[in-house]
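Going down the list, the sequences are from chains S and D. Residues 51 to 164 in our numbering are what the first sequence spells out, letter by letter. Residues 34 to 144 in our numbering are what the second sequence spells out, letter by letter.
Treat the hints loosely; a few may be bogus.
[Claimed, not checked] In silico lysine-lysine, DSS-like type, Cα no more than 25 Å apart, as pairs:
hint : chain 1 : residue 1 : chain 2 : residue 2
1    : D       : Lys136    : D       : Lys78
2    : S       : Lys107    : D       : Lys136
3    : D       : Lys112    : D       : Lys75
4    : D       : Lys136    : S       : Lys59
5    : D       : Lys136    : D       : Lys75
6    : D       : Lys75     : S       : Lys59
7    : S       : Lys133    : S       : Lys64
8    : S       : Lys133    : D       : Lys136
9    : S       : Lys59     : D       : Lys78
10   : S       : Lys121    : D       : Lys112
11   : D       : Lys78     : D       : Lys112
12   : S       : Lys121    : S       : Lys59
13   : S       : Lys64     : S       : Lys121
14   : S       : Lys120    : S       : Lys59
15   : D       : Lys136    : D       : Lys112
16   : S       : Lys107    : S       : Lys133
17   : S       : Lys120    : S       : Lys133
18   : S       : Lys107    : S       : Lys121
[As the list claims (entries may be wrong)] Restraint ranges, calculated between C-beta atoms of paired labels, are given here:
hint : chain 1 : residue 1 : chain 2 : residue 2 : range
19   : D       : Asn60     : S       : Lys59     : 46 to 52 Å
20   : D       : Ala62     : S       : Ser146    : 33 to 39 Å
21   : S       : Gly113    : D       : Asn60     : 26 to 32 Å
22   : S       : Thr55     : D       : Pro41     : 31 to 37 Å
23   : D       : Leu113    : S       : Lys133    : 16 to 22 Å
24   : S       : Arg94     : D       : Gly91     : 46 to 52 Å
25   : D       : Lys75     : S       : Ser123    : 38 to 44 Å
[Said to hold, decoys possible] To give an idea of the interface, some chain S residues facing chain D are shown, with a C-beta separation under 8 Å as derived from the structure:
hint : residue
26   : Gly66
27   : Asn68
28   : Glu74
29   : Leu77
30   : Asn78
31   : Pro89
32   : Ile101
33   : Phe155
34   : Gly156
These are computed hints drawn from the structure, not numbers from a lab. C-beta atoms are modelled at their ideal positions from N, C-alpha and C, and glycine is treated no differently.
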Amino acid sequence: DGGITQSPKYLFRKEGQNVTLSCEQNLNHDAMYWYRQDPGQGLRLIYYSQIVNDFQKGDIAEGYSVSREKKESFPLTVTSAQKNPTAFYLCASRLSSGTGNTIYFGEGSWLTVV
Amino acid sequence: RKEVEQDPGPFNVPEGATVAFNCTYSNSASQSFFWYRQDCRKEPKLLMSVYSSGNEDGRFTAQLNRASQYISLLIRDSKLSDSATYLCVVNTNSGYSTLTFGKGTMLLVSP
Numbered sequence: 051d052g053g054i055t056q057s058p059k060y061l062f063r064k065e066g067q068n069v070t071l072s073c074e075q076n077l078n079h080d081a082m083y084w085y086r087q088d089p090g091q092g093l094r095l096i097y098y099s100q101i102v103n104d105f106q107k108g109d110i111a112e113g114y115s116v117s118r119e120k121k122e123s124f125p126l127t128v129t130s131a132q133k134n135p136t137a138f139y140l141c142a143s144r145l146s147s148g149t150g151n152t153i154y155f156g157e158g159s160w161l162t163v164v
Numbered sequence: 034r035k036e037v038e039q040d041p042g043p044f045n046v047p048e049g050a051t052v053a054f055n056c057t058y059s060n061s062a063s064q065s066f067f068w069y070r071q072d073c074r075k076e077p078k079l080l081m082s083v084y085s086s087g088n089e090d091g092r093f094t095a096q097l098n099r100a101s102q103y104i105s106l107l108i109r110d111s112k113l114s115d116s117a118t119y120l121c122v123v124n125t126n127s128g129y130s131t132l133t134f135g136k137g138t139m140l141l142v143s144p
């Protein structure tokens, strides 16, 4: 089945630790995105990538880092510099960044700081 | 003014009711529009795209008014399974293409 796979689904992090969330897609999409969603809030863009080896900061990039070494993969690292990382993280992809293309989401990763 | 603004909700309706959600957007250069459905603790899923001429998919009808920068979603004959949060999504091409999400409106359909 084609789709977007995120892992892990649930993750607990100790304060001061970096963690990496995995996102893999087999849809042959060029554009990939990371969003964060807090309870009762809308989705906020962390980083996006329109092509391999290129990525751009979104609205809330501080404390996060990404890489895009392969078309299929767009991992997100939540660093210790992110002061309030507990949230629902959603990876998404689109065929391209053209305006008519719909966006598809992975099932999400729940990150909790303990 | 927020970029994409939706009715705050929640909307509580009985089964069989008709319910309408409204969404306004601030960027007149916005080019494409979508409604997504998000179940509790799940990822958003595409419900329907919104076309200038309006479009219908079964019990769901989407309308776009570019002059007023307004999008609507109408659900007829509500089912219990329609209970979810409905997200308005606007795509604006500003050098690079960006998607802006509304905060969503929660719908609760009761027996």
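Now the hints, each set against the structure:
1. D:Lys136 - D:Lys78: Measuring from Cα to Cα gives roughly 15 Å; hence the hint holds.
2. S:Lys107 - D:Lys136: Holds, at roughly 21 Å.
3. D:Lys112 - D:Lys75: 19 Å, holds
4. D:Lys136 - S:Lys59: Holds. D:Lys136 to S:Lys59 sits at ~23 Å (cutoff 25 Å).
5. D:Lys136 - D:Lys75: Roughly 15 Å between the alpha carbons, so the hint for D:Lys136 and D:Lys75 holds.
6. D:Lys75 - S:Lys59: Cα-Cα ~11 Å, so holds.
7. S:Lys133 - S:Lys64: The given pair, whose Cα atoms are some 12 Å apart, holds under the 25 Å limit.
8. S:Lys133 - D:Lys136: 23 Å, holds
9. S:Lys59 - D:Lys78: 17 Å, holds
10. S:Lys121 - D:Lys112: Given pair S:Lys121, D:Lys112 is violated - Cα atoms ~40 Å apart, limit 25 Å.
11. D:Lys78 - D:Lys112: Holds, at roughly 18 Å.
12. S:Lys121 - S:Lys59: Holds, because 22 Å separates the two Cα atoms, which is no more than 25 Å.
13. S:Lys64 - S:Lys121: 31 Å, violated
14. S:Lys120 - S:Lys59: With a Cα-Cα distance of about 22 Å, the restraint between S:Lys120 and S:Lys59 holds, given a limit of 25 Å.
15. D:Lys136 - D:Lys112: 23 Å, holds
16. S:Lys107 - S:Lys133: Measuring from Cα to Cα gives roughly 18 Å; hence the hint holds.
17. S:Lys120 - S:Lys133: Violated. S:Lys120 to S:Lys133 sits at ~29 Å, over the 25 Å cutoff.
18. S:Lys107 - S:Lys121: The hint holds at about 18 Å.
19. D:Asn60 - S:Lys59: 46 to 52 Å: 34 Å, violated
20. D:Ala62 - S:Ser146: 33 to 39 Å: 19 Å, violated
21. S:Gly113 - D:Asn60: 26 to 32 Å: 27 Å, holds
22. S:Thr55 - D:Pro41: 31 to 37 Å: Holds: the Cβ-Cβ distance is about 34 Å, inside 31 to 37 Å.
23. D:Leu113 - S:Lys133: 16 to 22 Å: 40 Å, violated
24. S:Arg94 - D:Gly91: 46 to 52 Å: For D:Gly91 against S:Arg94, whose Cβ atoms are near 32 Å apart, the range 46 to 52 Å is violated.
25. D:Lys75 - S:Ser123: 38 to 44 Å: 23 Å, violated
26. Gly66: 27 Å, violated
27. Asn68: Nearest chain D Cβ about 24 Å off; hint violated.
28. Glu74: Violated. Min distance 15 Å.
29. Leu77: Hint on S:Leu77: violated, closest Cβ of chain D at ~13 Å, above 8 Å.
30. Asn78: 18 Å, violated
31. Pro89: Because about 10 Å separates S:Pro89 from the closest Cβ in chain D, which is outside the 8 Å limit, the hint is violated.
32. Ile101: 11 Å, violated
33. Phe155: Result: holds, 4 Å to nearest chain D Cβ.
34. Gly156: 6 Å, holds
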